[in-house]
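Residue numbers (our numbering): 111 to 279.
In case anyone wonders, no lab produced these hints; they're calculated from the structure.
Certain hints may be false.
FRET-style restraints, in silico, Cβ to Cβ [to be verified]: (1) Asp266 <-> Ala222: 19 to 27 Å; (2) Ala240 <-> Ala265: 48 to 56 Å; (3) Asp146 <-> Asp208: 19 to 27 Å; (4) Val209 <-> Arg133: 47 to 55 Å; (5) Glu201 <-> Arg148: 49 to 57 Å.
Below, simulated DSS-like cross-link-like pairs (lysine-lysine); rule was C-alpha separation at most 30 Å, straight line [unchecked claim]: (6) Lys191 <-> Lys203; (7) Lys184 <-> Lys153; (8) Lys203 <-> Lys184.
Cβ atoms here follow ideal geometry from the backbone N, Cα and C, with glycine treated the same way.
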Amino acid sequence: MPELTPSTREAARRIGITETALRKAASAGRIVREPDGRWDIDKTRRRLVETADPTRSPLGGSANADGTPFARLKVAQLALKVEAQRLALDESKRRLVDVAEADATIDEVAGAMRDALLNWPARVAGVIAAELGVDPHLLQTILQSHITELLTEEADCFDPQSLTDRSAR
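Generate the whole structure from the sequences, applying the supplied hints.
Here it is, written out as structure tokens:
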């Protein structure tokens with residue numbers, strides 16, 4: 111049979127806390143009265159222990175304080191705070207890069223490399239043709255076709271669909 115009392119003062123005395131502490135816990139929603147308006151002492155004590163801050167409450171200092179929902183919440187909150195501080199430090203040390211900025215830089219570098227490769231046959235075809243004793247125009251056409259083929263193959267490797275297929279393997 112549960113131990114019930116209608117008095118807040120009596121419930122606080124039986125639990126071992128002040129009436130003010132009991133009222134604050136009730137107003138914070140940590141504990142509630144029974145539907146008939148009385149306090150169930152055991153149930154209230156259990157809820158107070160589960161939700162108590164172990165560093166502030168005489169009820170929170172129990173042996174299993176680390177397993178209470180409040181203690182787990184405090185640990186999770188601390189972990190989030192540490193992660194936020196680590197990210198802020200990484201950002202201040204310029205270890206983090208904006209994705210849009212990185213994509214733009216990669217596109218710019220890749221475009222410059224593609225343009226350099228596409229212009230290369232026109233620059234060197236005459237020199238190579240002279241060394242080999244072949245028609246410079248024919249050599250330039252052959253080099254351009256091979257470079258265009260190479261760039262097309264490599265572009266297919268970096269197609270978003272093929273990247274997705276590779277990561278699924």
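Taking the hints in turn, this is what the structure says about them:
Separated by about 20 Å at the C-beta atoms, Asp266 and Ala222 satisfy the suggested range of 19 to 27 Å. The beta-carbon spacing between Ala240 and Ala265, approximately 32 Å, falls outside the hinted interval of 48 to 56 Å. For the pair Asp146 and Asp208, the beta carbons lie near 60 Å from each other, so the given range of 19 to 27 Å is not met. Separated by about 51 Å at the C-beta atoms, Val209 and Arg133 satisfy the suggested range of 47 to 55 Å.
With their beta carbons about 55 Å apart, Glu201 and Arg148 fall inside the hinted range of 49 to 57 Å. Between the alpha carbons of Lys191 and Lys203 the distance comes to roughly 18 Å, so the proposed pair stays at or under 30 Å and holds. A hinted pair counts as satisfied when its Cα atoms are at most 30 Å apart, and Lys184 with Lys153 qualifies at roughly 23 Å. For a cut-off of 30 Å, the pair hint linking Lys203 to Lys184 stands: about 29 Å separates their Cα positions.
In summary, the numbered hints that this structure violates are 2, 3.
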